[in-house]
Amino acid sequence: MLAFILRRLLQSLIVMLAVAFIAFLMFRFVGDPVEGMMGVDARLADREALRDRLGLNDPFYMQFWTFVKNAARGEFGISYRLQQPVTQLILSRLPATIELAVVSASLALIVGVTLGVFTAIHGRLPPSSRETLTALAAIILPALALWFLGRGLLWSFGAAALIFVSTAFWAKSFFSQAVMAVSLVGVSLPTFLIGIGLIFVFAVELKLLPSFGRGQTVELWKGWSTGFLTKSGLLSLILPAVTLSLFQMTLIMRLVRAEMQEVLRSDYIRFARARGLPESTINFRHALKNTMVPVITITGLQLGSIIAFAIITETVFNWPGVGSLFVNSVQAVDVPVMAAYLLFVALVFVVINLIVDLLYYLVDPRLRVDGRSGRA
Amino acid sequence: MKIQRFAGLAALLASTLMASSAMAETLRWARASDALTLDPHSQNQGVTHNFAHHIYETLVDRAVDGSLTPRLATEWYVKEDDPNVWVFKLRHDVKFHDGADFTAEDVVFSLDRARSENSNMRQLHSAIASVAAVDDHTVEVTMTGPSPLYPNNLTNTFVMDKGWSEAHSLQSVQDYAAGEDNYAVRNANGTGPYILESREVDVRSVLKRNEAHWAETKPQVTEIIYLPIAENATRIAALLSGEVDLVQDVPVQDIERLKNTAGLKVETGPENRIIYFGYRMDDKPLKSSNVADKNPIADPRVREAMHLAIDREAIKRVVMRGNSLPAGVAMPPFVHGWTPELDAFPAPDPERAKALLAEAGYPDGFSVTLDTPNNRYVNDEAISQAVVGMLGRIGIKVTLASRPVAQHSPLITGDNTDFYLLGWGVPTFDSAYIFNDLIHSRNGHFGAYNPSGYADPALDAKIEGLATEIDVEKRDADIAEIWAQVQRDRVLLPIHNQLLAYAMKDNLTLAVHPENQPLMTMVTYGQ
Amino acid sequence: MTETDAQTPVLSVRDLVVDFPLRRGNFRALHGVSFDIAPGEVLGVVGESGAGKSMTGAAVIGLLTPPGRITSGEVYLQGQRIDQLPEAEMVKLRGKRIGMVMQDPLTSLNPLFTVGQQLIETIRQHLPLSEAEARARAVSLLEEAGIPRAAERIDSYPHQFSGGMRQRVVIALAIAADPELVIADEPTSALDVSVQAQVIKVLKKLCESRGAAIMLITHDMGVIAQIADRILVMNAGRIVESGPVGQVIRHPREPYTIKLIDSIPTLNRESEAPVPAEAATPESAQDAYVRVENLTRDFSLGGGGSFFGRLFGGKDKIFRAVNDVSFSIRRGETYGLVGESGSGKSTCAKMIAGLIPPSSGRIFVDGADVWSAEGAASRRRNVQMIFQDPYASLNPRWRVGSIVAEPIKALKLTSNRSEIEDRVADLLRKVRLDPVAMRKYPHEFSGGQRQRIAIARALSTQPAFIVCDEPTSALDVSVQAQVLDLMSGLQEEYGLTYLLISHNLAVIRQMANDVGVMRQGVLEESGPVDEIFDHPKAEYTRMLLDAVPDLDKVA
Amino acid sequence: MTEAPPPEAPVEAAAPARGFWARFWDSDVFWSYRHNPVAVVSSLVALTLILAAVFAPWIAPHDPFNPATLQLMDGFTPPGEAAMSGTVYRFGTDDQGRDLLSTILYGSRVSLFVGFAATLFSMTLGVSLGLFAGYRGGLADTIIMRVADVQLSFPAILIALLIFGVAQGVIPPNKQESMAIWVLILAIGLANWAQFARTVRGAAMVERQKDYVSAARIMGVPGPAIAFKHVLPNVLGPVLVIATISLALAIIEEATLSYLGVGVPPTQPSLGTLIRIGQRFLFSGEWWILFFPALMLILLALSVNLLGDWLRDALNPKLRQ
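Chains as they are written, first to last, in the working numbering: chain U, 4 to 379; chain E, 35 to 561; chain G, 1068 to 1622; chain D, 265 to 585.
Chain U on its own, in the form it takes in the complex (with noise of 0.2 Å):
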């Protein structure tokens, strides 16, 4: 075990260096940082001097072997384009983006192990062509009717979500057959569109959620200052966490739909209900625990990645976190900040494959007698 931990520390360590690499690799070509840091008034020999004074001028090796003794002593250095240092930025930047991380990561897990689970027990059997018009019925009569009452479009949206909500009580086949398909809405669209729409929607059209920032926050604890505690805060994460976890909801209620279905087509399952186990036990506690074990894996790469995919999410919503930080910086090519980001979200990375293969050896117990590595 402590060596199989040290194995993955040693790996992880590779990684994050060849990440390093990758990314100064990068940085060197996005632009010239000398241009945003002068202005337009500056002369050419002024330039040049600058360009000598933050090494760009040296050779590529030493470059990359300064950046590298720093950043493992958490230095950073000075960005370029807001002239702090960039280990306090990004800190100071890091709850926004870990708070909206982890809303749209629960989000994602919470809605999408149900939906998957949902869908892939009452998805076995087609839906009959009666309960699917009956349903389709029940959900665009009412919408029609408002919308010729004249209640706008948008009620009748919210009627027929509300409605398509409901056929999952009432038309189970039919509603996990069309959550599959809608889920692919999800997929099907870029998410700065999904945000642009949903801003358009509820902040400019409806006036119930804001459409920027985050709102009233308050500090918690040495600069983590959260949003959780205030109303306006609250409401500030809605829209943004939605946006960011409908892409990897979709992902994961598929992934767990499909791994559900193969374990509950599995002998153990055959076997249960010979046992006389009820259905219930049988799908939550036998199937979900089983289908849980190869799900973890690429769950936990796809949340892991939620870090680094809000960058578009924090873009549209004006979210102050790391990943608007990071656009902001490619736009004015401030390398530091560039080359600190990349190496986070390597290290969140690693962190979470390390959790995953942790959590591998409390759901596995394969894993956990022998004690060799690697995966079943």
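Take the hints with a grain of salt, since some may be wrong.
Quick list of in silico lysine to aspartate or glutamate cross-link-like pairs, EDC-like style, CA-CA up to 16 Å [claimed, not checked]:
id, chain 1, residue 1, chain 2, residue 2
1, U, Lys210, E, Glu277
2, E, Lys242, E, Asp132
3, G, Lys1159, U, Glu282
4, D, Lys474, G, Glu1537
5, G, Lys1272, G, Glu1247
6, D, Lys474, G, Asp1456
7, E, Lys293, E, Asp540
8, U, Lys234, E, Glu277
9, U, Lys175, U, Glu134
10, E, Lys318, E, Asp132
11, G, Lys1507, D, Asp290
Label-pair distances were calculated between CB atoms; the ranges are [to be verified]:
id, chain 1, residue 1, chain 2, residue 2, range
12, E, Pro380, D, Val318, 40 to 46 Å
13, D, Val293, U, Phe151, 40 to 46 Å
14, E, Asp449, D, Val318, 25 to 31 Å
15, E, Asp209, U, Leu9, 30 to 36 Å
16, D, Val470, U, Phe151, 54 to 60 Å
17, G, Phe1366, D, Val302, 44 to 50 Å
18, D, Gly484, G, Pro1463, 20 to 26 Å
19, U, Phe151, D, Pro325, 32 to 38 Å
20, D, Pro343, E, Val98, 41 to 47 Å
21, E, Ala545, U, Val185, 48 to 54 Å
22, E, Val98, U, Leu211, 49 to 55 Å
Calculated from the structure, these hints are not laboratory results. Where is the CB? At the ideal position from N, CA and C, for every residue including glycine.
With chain U held as given, fit chains E, G and D onto it using these hints.
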């Protein structure tokens, strides 16, 4: 991070206490980007200066018409016996936010700091030989030579408190290339009409009215919440949903919609910025052209054809939705040296343009790549795109290369472009500012944004002479001559001057500032 | 109903019809099956794959896989009709009144729950017991099922038990709530012979002590002979014959039953011993066509083997799969290698065929070391292999013609297309398949046919030596007989030399001249087949022979 | 043998081998296609869109990629209304006076080309690496899969951004526009190979244990030949499924990259570029500039995704009946 906690509490308190007071007016001010730093001498950048103007003050200020007005200096003149010395008389009874008195020592300190090694403002003060305080309210600035226009360079140079700065070791500007941190980046102590309450970079800054400010009339806005929102759509959405009161960077296409929205209004006005196209016009072949043996643009007839191909009115009407002033000269009307004659432009004449091309030996046109930024100027990419079409119609096949400005600018400063779009603001309101960087041939001190290859030693000498010429009439004549030559040789291909638009709640009034540096002190409430 | 007895049958099935509405039309799996099981009776249901025997069991307990359904007929449990019960009622029946044991103990238990958790949840589902009481009952059940130190092991996970032990757990689970009937679907097919016998005994003992009847579904007549009271022979969804075990096995009436029983190889030599090849003088090993000398093979169990492992000083765990094995095969003869799973016999086969290199030791075929550079070329021509699973040994995406021709092309024997085609047709005829087969894909053939295609492929390079790794263990007995016949025929015709790997002692006895018995990588004993089978020297061999269920042991 | 398999094909000899089309029509996959209305509809939609894109030069009323023919003054004409020049544009025009119908046809051509080429590229790369890793095992496997893991945890967009950034630096500025589309393909392709590699590697590890591979090895068929001739055909099913989904993904990624400001030149816009341009006019009332390209993108991605969904089920042997 202490500020933040404090600010949270303060904001809470403030909002509860002041809710009843009719005088208290909070303004939520959104624009596309944040000030880069609070250090007033670190960056020479518009947004940063704009923010700093609320906290710090300059010696002289510029009025909307471009003229200089007193601010911390009440009067200034060239010393009678020495044309190289500028004398500034300072305002009395001015206090910094921390209560310290404003004196000549502070000005000396600030000017020295602004021209120190790491300051990005030092270019503006490169002609200074020394600065000295004569008495508590008089400062003498000795120049290396006659500098008649020097006060123009002072409109963005802010005065810091010497005592406060020394207490926080701020004598030199942050050398961030060396990894230094600096107190002034995140803290401010100025004499300005607003006091910094809290600041989260890129997120929000809160400013409170300075009740001890020297000005007689207090601004109506008692609190400013400054909110940078980078995405255009999100920024406009925030205004539409009532989450902000004022949006400074309004995309032209949204002006109509906002005007027609109940409760909102839009103010528009010209910006002191010219949008133009530049090209390589020396004899070396173009890098991106199918004509490999020579440079077609070097032929004046080709340049004329290109000018004739452009339909500025169409660009104004469609791309800019009417929000531009088409230009015939690469100089905003605010700038000293501008005349209506220079700014006249010919009606588009594609037929004549084609004939000229044929005459020059390119009956079938030629191909060239146009480099355009896509996130810098109002609809920059769309303008370029429209021009691609117009040039296409006379046979010049243009490939459009569109980049963020961070990648676009190096192409120009690094001589890596054949044909490009650029915008040029003129903070000094003087033609020399344009000539120095756009017209003068490139060397270590001039022509940083002139990749045209256009080089005329006589013209260069004339440009250099403008800086020290005291004889106003002679200088004006020189400027006119230079412009005449530039226009004759068609060194630049001007398109238009940008119009700025500010959108706000309709109970506010704020006029557009030509340098896009509006002061919230100017905001008035009521119809 | 025939109620001559005072007793009501535990299970009574009448005219059971099961249909599978498939897309190519309806497939009728059971065509009106009727039978009774008396209380405490053990009914053996036997038949080849596709006979419908498992289907009958699944239909009784109500666990037909969709879209299968009972179209008509009736099922009574203790006189109560159960085939039309709603699912909610059926759930209460399962486990409580009808228990079930499935084939594969490795997959029947949920790997993520301890044995105890699974037992306790089953017990508490059916009996009003507290957690502690259920646990006590679970322990005693495990003890009864013959699990040593049951009280400790109850908290172990399934993977910590061996296959045989797991099947005992499965049996314990099946009888946890004292059902009246236990349906055992091939309960021993996945187990080694030595374990098989014990598990059968446990099943019988547990059911006897509770008076539970058993419906024992199996393809193995031997197992039925061992414990069943009555036998039901099924074929193609119908009952062919039924009656007391002794009677049916000794005096089968129906032609199908007769054929079925005839095709079962037995340990007792009925026919002639396989004739040694012409020059069959028992010479020294020098003459041997295949010679295996001190063959050893180690496997690393990982952990320490990799680069990182070494970096952290992890110890390389070595597992010796084959340990110093030597034997030889004379030209034209068959050498049988027997052993249970994990004995290393397949590893031997793979080393000889050139699939995995030995750790030490040498293999000579026709005098050439097959693992030397020169030997490899001759090995490819001379050595071929036939595999166990006819479904996995043919590439499903290739046409049969290409499959059979592959060795010809790989060894560049000829590249003329029509010549290749002729040869393939010829080969297919040799294995008694229509040459049209070459245009089809493997999935269009049955298991026996596929194994013949595999043989045709093995023959296509005209090898002298064929390694046969369990060539018939995936096949039904009647098909097995055909394939074995074909192999013998080909051996005679072409003077082939075989290495026959099998866990089935009867098959070895029937086919081999010499035999080697392997156990845990070691060759326990080796010698002429009759000598070893009739006078086994090694304890292990004797145990193996004893464990084989034999029709002759029928009570 | 827990239960009887469905009846096997008629035994022995003489059933004639059927023709390709007959077998195709009767195959399980096509049967499930014929009986799945969602699959039929989505494939028809996808096919229509793809054909419309391919034949855009013959269908589209204008050539939006030729700037010389554009009427700037016709810009922002609403759908169905007469423009300044008197022309009526069915879907309206955009800010450059381009006919939107033509533009989305041409634009989806670009998007589809990028999508197909990127998918093909990532497929080739992923399948080769996956086969190599799965068939070879050992250190090569560890390294490849580790890289794939890392890659999977970085969103494709981020990776594509990085690659795009590097390409910007490597390619001389005046070549960048002509290379842009290839860089895009490379970037998206490189960002998506890991899914293929993982799947193929998993499948290859299963396949290489199969006896037909052993049989080929005994004959001395060399490793790469086994990997490609034997293993590859048997892992193509899941590859096809992933290819479908990653086609949709590539189209969306291209759009997102355009949104972030990297991508094809605006004079030859893809759907993504059109959406980026269009979203500027979301609040200003010119809804059609965003609406039609977005609709096209959704239809395209959704129909391809639905097809992939069906294919996944149809090719899953365990779901077959």
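Going through the hints against the structure:
1. Proposed proximity of Lys210/U and Glu277/E is supported: the alpha carbons are some 10 Å apart, at most 16 Å.
2. Of the pairs offered as hints, the one joining Lys242/E and Asp132/E holds, with about 14 Å between alpha carbons and a cut-off of 16 Å not exceeded.
3. With a CA separation close to 11 Å, the supplied pair Lys1159/G and Glu282/U stays within the 16 Å bound.
4. As the CA atoms of Lys474/D and Glu1537/G are separated by approximately 15 Å, the hinted pair is consistent with the 16 Å bound.
5. Restraint check for Lys1272/G and Glu1247/G: satisfied, since their Cα atoms lie roughly 14 Å apart, inside the 16 Å limit.
6. A C-alpha spacing of about 9 Å is found between Lys474/D and Asp1456/G, which places the hinted pair at or below 16 Å, so the restraint holds.
7. A C-alpha spacing of about 10 Å is found between Lys293/E and Asp540/E, which places the hinted pair at or below 16 Å, so the restraint holds.
8. As the CA atoms of Lys234/U and Glu277/E are separated by approximately 15 Å, the hinted pair is consistent with the 16 Å bound.
9. Proximity of Lys175/U to Glu134/U is assessed by CA-CA distance (about 9 Å); at most 16 Å being required, the pair is judged to hold.
10. Straight-line distance between C-alpha atoms of Lys318/E and Asp132/E comes to about 60 Å, which puts the hinted pair past the 16 Å bound.
11. Of the pairs offered as hints, the one joining Lys1507/G and Asp290/D holds, with about 15 Å between alpha carbons and a cut-off of 16 Å not exceeded.
12. Distance hint for Pro380/E and Val318/D: a CB-CB separation of about 44 Å, consistent with the stated range 40 to 46 Å.
13. Checked against the hint of 40 to 46 Å, the C-beta distance between Val293/D and Phe151/U comes to roughly 44 Å, which is consistent with it.
14. The beta-carbon spacing between Asp449/E and Val318/D, approximately 42 Å, falls outside the hinted interval of 25 to 31 Å.
15. At roughly 42 Å, the beta-carbon separation of Asp209/E and Leu9/U lies outside the given 30 to 36 Å, and the hint is violated.
16. In this structure, Val470/D and Phe151/U meet the distance hint of 54 to 60 Å, their C-beta atoms being roughly 57 Å apart.
17. Between Phe1366/G and Val302/D the beta carbons are some 49 Å apart, a value that agrees with the proposed interval 44 to 50 Å.
18. Separated by about 22 Å at the C-beta atoms, Gly484/D and Pro1463/G satisfy the suggested range of 20 to 26 Å.
19. At roughly 36 Å, the beta-carbon separation of Phe151/U and Pro325/D lies within the given 32 to 38 Å, and the hint holds.
20. A hinted range of 41 to 47 Å for the beta carbons of Pro343/D and Val98/E is consistent with their spacing of about 43 Å.
21. Range check, Ala545/E to Val185/U: Cβ separation about 50 Å, and the 48 to 54 Å hint holds.
22. Taking 49 to 55 Å as the suggested C-beta distance range, the pair Val98/E and Leu211/U does not conform, at roughly 40 Å.
Violation of the numbered hints given earlier is confined to hints 10, 14, 15, 22; the remaining hints are satisfied by the structure.
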